[in-house]
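J.: Which chain is which? The protein sequence lines are A and B, in order. The first sequence maps to residues 5 to 254 in the numbering used here. The second sequence maps to residues 6 to 313 in the numbering used here.
No lab work stands behind these hints, which were simulated from the structure alone. Treat the hints with care, as some may be off.
Said to hold, decoys possible - 27 angstroms max Cα-Cα, derived DSS-like pairs, lysine-lysine:
id : chain 1 : residue 1 : chain 2 : residue 2
1  : B       : LYS223    : A       : LYS247
2  : B       : LYS312    : A       : LYS247
3  : A       : LYS206    : A       : LYS6
4  : B       : LYS55     : A       : LYS247
5  : A       : LYS245    : B       : LYS277
6  : B       : LYS312    : A       : LYS245
7  : A       : LYS20     : B       : LYS284
8  : A       : LYS251    : B       : LYS147
9  : A       : LYS247    : B       : LYS32
10 : B       : LYS312    : B       : LYS284
Stated by the list, open to error - Examples of chain A residues toward chain B, derived with CB under 10 angstroms:
id : residue
11 : ASN29
12 : THR60
13 : GLU61
14 : LEU99
15 : ILE124
16 : VAL170
17 : LYS197
18 : ALA198
19 : LYS199
20 : THR216
21 : LYS220
22 : VAL236
23 : LEU246
24 : ASN248
25 : GLU249
26 : ALA250
For every residue, glycine included, the Cβ atom is placed at its ideal position computed from N, Cα and C.
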Amino acid sequence: MKVLVPIKRVIDYNVKVRVKPDQSNVDLANTKMAINPFCEIAVEEAVRLKEAGTATEVIAISIGDKSCQEQLRTALALGADRAIQIETDENLDALNIAKLLKAVVEEEQPQLVILGKQSIDSDNNQTGQMLAALTGMPQGTFASVVKVEGEKVNVTREVDGGLQTVALNLPAIVTTDLRLNEPRYASLPNIMKAKRKPLAVKPATDFGLDLTARTKLLKVTPPAQRQAGIVVESIDELVEKLKNEAKVIS
Amino acid sequence: MSILVIAEHDNSSLKAETLKTVNAAQKIGGDITLLVAGYNCQNAVEAASKVNGVSKVLVCDNAAYEHQLAENVSLLVTELAADYEHILATALTTGKNFMPRVAALLDVAQISDIIDVESSDTFVRPIYAGNAIATVQSLDSKKVITVRTTGFDAVATDGNAEVVTLDIATDAGISSHVSDELTVSERPDLGAASVVISGGRGMQNGDNFKLLDGIADKLGAAIGASRAAVDAGFVPNDMQVGQTGKIVAPDLYIAVGISGAIQHLAGMKDSKVIVAINKDPEAPIFQVADYGIVTDLFDALPELESKL
Numbered sequence: 005m006k007v008l009v010p011i012k013r014v015i016d017y018n019v020k021v022r023v024k025p026d027q028s029n030v031d032l033a034n035t036k037m038a039i040n041p042f043c044e045i046a047v048e049e050a051v052r053l054k055e056a057g058t059a060t061e062v063i064a065i066s067i068g069d070k071s072c073q074e075q076l077r078t079a080l081a082l083g084a085d086r087a088i089q090i091e092t093d094e095n096l097d098a099l100n101i102a103k104l105l106k107a108v109v110e111e112e113q114p115q116l117v118i119l120g121k122q123s124i125d126s127d128n129n130q131t132g133q134m135l136a137a138l139t140g141m142p143q144g145t146f147a148s149v150v151k152v153e154g155e156k157v158n159v160t161r162e163v164d165g166g167l168q169t170v171a172l173n174l175p176a177i178v179t180t181d182l183r184l185n186e187p188r189y190a191s192l193p194n195i196m197k198a199k200r201k202p203l204a205v206k207p208a209t210d211f212g213l214d215l216t217a218r219t220k221l222l223k224v225t226p227p228a229q230r231q232a233g234i235v236v237e238s239i240d241e242l243v244e245k246l247k248n249e250a251k252v253i254s
Numbered sequence: 006m007s008i009l010v011i012a013e014h015d016n017s018s019l020k021a022e023t024l025k026t027v028n029a030a031q032k033i034g035g036d037i038t039l040l041v042a043g044y045n046c047q048n049a050v051e052a053a054s055k056v057n058g059v060s061k062v063l064v065c066d067n068a069a070y071e072h073q074l075a076e077n078v079s080l081l082v083t084e085l086a087a088d089y090e091h092i093l094a095t096a097l098t099t100g101k102n103f104m105p106r107v108a109a110l111l112d113v114a115q116i117s118d119i120i121d122v123e124s125s126d127t128f129v130r131p132i133y134a135g136n137a138i139a140t141v142q143s144l145d146s147k148k149v150i151t152v153r154t155t156g157f158d159a160v161a162t163d164g165n166a167e168v169v170t171l172d173i174a175t176d177a178g179i180s181s182h183v184s185d186e187l188t189v190s191e192r193p194d195l196g197a198a199s200v201v202i203s204g205g206r207g208m209q210n211g212d213n214f215k216l217l218d219g220i221a222d223k224l225g226a227a228i229g230a231s232r233a234a235v236d237a238g239f240v241p242n243d244m245q246v247g248q249t250g251k252i253v254a255p256d257l258y259i260a261v262g263i264s265g266a267i268q269h270l271a272g273m274k275d276s277k278v279i280v281a282i283n284k285d286p287e288a289p290i291f292q293v294a295d296y297g298i299v300t301d302l303f304d305a306l307p308e309l310e311s312k313l
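For reference, chain B alone in the conformation it holds in the complex:
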């Protein structure tokens, strides 16, 4: 069997999540090809060629793919699809955007957000915000799959795959990129951090999120937020952890002033160790926390920072 994995990258680097998607491909079993579609993406290609378990890296370096526009990328993947039984992408915003388009163009269903592989046609995925786990069999000859990376370990990066450059440019000509407004941060990515500290409505305002900075610095943590905090405008949307935001599973997750709605728990309950800091002893977050402390976060945060 042949598997095509579409690399998640920003042209200059390969996202760590791709290493986990390749692991999912290994569990399906077969010859794995990694596709890097981008523009001036030599550095991402270089990184892709070192991913273990990959036999070949296909490169499409063209302005049409610079911003991963779904209309253009989906045409490219569809054109390459004939050689593969499985097509995998990471279930991040880029993959979620173009993959269903690929599936529909190929006239097959998509299996979204898999967290485990049972066999080459049967996959496990969460539904209802992770409150139920479905085992789903694909009846299509070609399987289009997005992978939730919290379910898989990263493969190593000491490989040496053959790099093949393709001269294909699929520009649908119906969409264009206008601008990016990306959050610049020195901290690790939410999806890749081994420690995450998140604030909720209890933080009261955006300024108070600074109270998390010192702790995050000491722990090398990423900072997240609940939907309530994002909706209230305390912090930007890319910090949201939850059912429809980022799904994280770090070694340590510290929830500060977060009550623990179903939708938030869906994004973090697979974390190894969960700490809850909340002044409401009845908050549902305590039902999933390994360590809880019932206290005012404005007392707890400075003390925690000083004692780390």
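Bound conformation, chain A alone:
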């Protein structure tokens, strides 16, 4: 079975963003970029399914300008077989991303689409669920275990109270949570090999979809800063401060 893995280029998770002085957005100039951590887990899961003989082909896809080819090459180095870039300079809403992905799903007919549950830049947590709705597929979000069994996939999900397992008819959508797997590092030979793997580029405008923005970013501001507090010398002093100064315990 074919597995499609949509991935996103985002700020590296170790980098703290700064807001632009004109409040138009965050400043990403000269910032280290990387594959979104949850997307990396998605690639790893797809590659493991292939290694286990369950998947036959792993296709990575990203939507963005030319720079996202860097992350597609990373996915190829991790074990994806080929890549697709849908080229656009627009910063598209999750709904429009899902519409483009739906078009690719119709073309490629994957049995499983594995996505990250959220990107660490916009923190939306929407694309997988939206793609599931548009394609009429069931969804296993926030997955910590994925088991393909015949015509179904069982997904164990990380939910507020613990874990929930659902059974989904294939084809299905899965979004990854942190505990699904620990992604491998790409080896140098695999990085070299990835450069020769096929990467198709398709302009977003070729899909004939209405991709009008549905939201408008009015401003971006820094969060309220907490005042650095004090360092106390003893537990006695801590308990005294919590009782009498902060008044949060009695």
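Since chain A is already given, all that's left is putting chain B on it; use the hints.
T.: Relative to the frame of chain A, chain B by itself:
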């Protein structure tokens, strides 16, 4: 304007977070209807009818909704959507699961995790793990929104809303529930507790989390954990506080052996008072803590427990 709020519940009780989502709906302004979709959910309906500010409670009691499967719930909400300009759910794992599905079926964008309401179409939400705050305007005629409850106070529960039972069953028939493995705890929910004590990698193993129990008992606290502690297998995933785990804002947050990665701070930095216990004086957690103590947690925890 009419607003539909989807109740977060487990059939037998209404989650306290719903009271905060209703508050967000009040800030948008309009006639508020609360939807309880569940199975054998009379108790949740009873609680929902008492939520202040709600004029009507819609009830869909059907086996299709017992486990809040996104495929089924989203079809129901979409069917009801015509009468409402705003549709709100709580940004917990259930709402996060089905709401984007609702938005896509309605062909509108979703505004996730709002922490404030500027007007009926403009909302405030954190991005980049809370390191930037975005003000976003929805250009759609219908607004699908999830609410981060740390941004809103709970409404009171002495109301008396009309309860209307709907005879709708939307079973998509493409997914089914297999099992739940829920953590059973006598302690308050992380999201609802006024005191939270969390352990990190510094706890060294799962057994040592017992050192937090006595303190949690004395303070009526919930126990949380950093991602590092969950990834290391010390404690289960539902204890994770952070960007992609639980977002909490208690009156008192005690971080024990937690260095304070950006992703952890995103889940707790709106707490009223933060205490950090860490032996590394350079740990970033001290930059957000109101009270810090540089000491070995294995000395500090028993002493703290004895002095509370």
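J.: All hints, please: hold or fail.
T.: Tested hints:
1. At roughly 14 angstroms between alpha-carbon atoms, LYS223(B) and LYS247(A) fall within 27 angstroms of each other, so this suggested pair holds.
2. With a CA separation close to 12 angstroms, the supplied pair LYS312(B) and LYS247(A) stays within the 27 angstroms bound.
3. Restraint check for LYS206(A) and LYS6(A): the C-alpha separation of about 20 angstroms stays at or below 27 angstroms, so the hint holds.
4. Restraint check: the Cα-Cα separation between LYS55(B) and LYS247(A) comes to about 35 angstroms, which exceeds 27 angstroms; the hinted pair is violated.
5. Between LYS245(A) and LYS277(B), the direct Cα distance comes to roughly 14 angstroms. Compliance with the 27 angstroms bound is thereby established for this hinted pair.
6. With a C-alpha separation of about 13 angstroms, the suggested pair LYS312(B) and LYS245(A) falls inside the 27 angstroms cut-off, and the hint holds.
7. Under the criterion of a C-alpha separation no larger than 27 angstroms, the hint pairing LYS20(A) with LYS284(B) is consistent with the structure, at around 24 angstroms.
8. Between LYS251(A) and LYS147(B), the direct Cα distance comes to roughly 44 angstroms. Violation of the 27 angstroms bound is thereby established for this hinted pair.
9. For the hint pairing LYS247(A) with LYS32(B), the CA-to-CA distance comes to about 34 angstroms; that exceeds 27 angstroms, so the pair is violated.
10. Restraint check for LYS312(B) and LYS284(B): satisfied, since their Cα atoms lie roughly 20 angstroms apart, inside the 27 angstroms limit.
11. Evaluation of the ASN29(A) hint against chain B yields a held restraint, the C-beta minimum of about 8 angstroms falling below 10 angstroms.
12. The interface hint given for THR60(A) is broken, as the beta carbon of that residue sits about 23 angstroms from the closest beta carbon of chain B, more than 10 angstroms.
13. Interface hint status for GLU61(A): violated, as the beta-carbon distance to the closest one in chain B is roughly 24 angstroms, over 10 angstroms.
14. At a threshold of 10 angstroms, the smallest CB-CB gap from LEU99(A) to chain B is about 5 angstroms, leaving the interface hint in force.
15. Taking 10 angstroms as the C-beta contact cut-off toward chain B, the hint placing ILE124(A) at the interface holds, the least distance being around 6 angstroms.
16. This hint holds: VAL170(A) has a C-beta 6 angstroms from the nearest C-beta of chain B, less than the 10 angstroms allowed.
17. Contact between LYS197(A) and chain B, as hinted, is not supported at the beta carbon level, the nearest pair being about 30 angstroms apart and thus beyond 10 angstroms.
18. For ALA198(A), the interface hint is violated, since its Cβ never comes within 10 angstroms of a Cβ in chain B; the closest pair sits about 27 angstroms apart.
19. Checking LYS199(A) against chain B by beta carbon gives a least distance of about 31 angstroms; that is not within 10 angstroms, so the hint is violated.
20. Checking THR216(A) against chain B: minimum C-beta separation of about 8 angstroms stays under 10 angstroms; hint holds.
21. Hint status for LYS220(A): holds, given a least beta-carbon distance of 4 angstroms to chain B, under 10 angstroms.
22. At about 5 angstroms, the closest approach between the beta carbon of VAL236(A) and any beta carbon in chain B falls short of 10 angstroms, and the interface hint on this residue holds.
23. With 10 angstroms as the threshold, the beta carbon of LEU246(A) comes within range of chain B, its nearest partner Cβ sitting at about 7 angstroms, so the hint holds.
24. A least Cβ separation of about 12 angstroms between ASN248(A) and chain B goes past the 10 angstroms threshold, and the interface hint is therefore violated.
25. At its closest, the beta carbon of GLU249(A) sits 9 angstroms from a beta carbon of chain B; the interface hint therefore holds under the 10 angstroms criterion.
26. A distance limit of 10 angstroms between C-beta atoms decides the matter here; for ALA250(A) the minimum to chain B is near 5 angstroms, and the interface restraint holds.
Of the hints listed earlier, those the structure fails to meet are numbers 4, 8, 9, 12, 13, 17, 18, 19, 24, in rising order.
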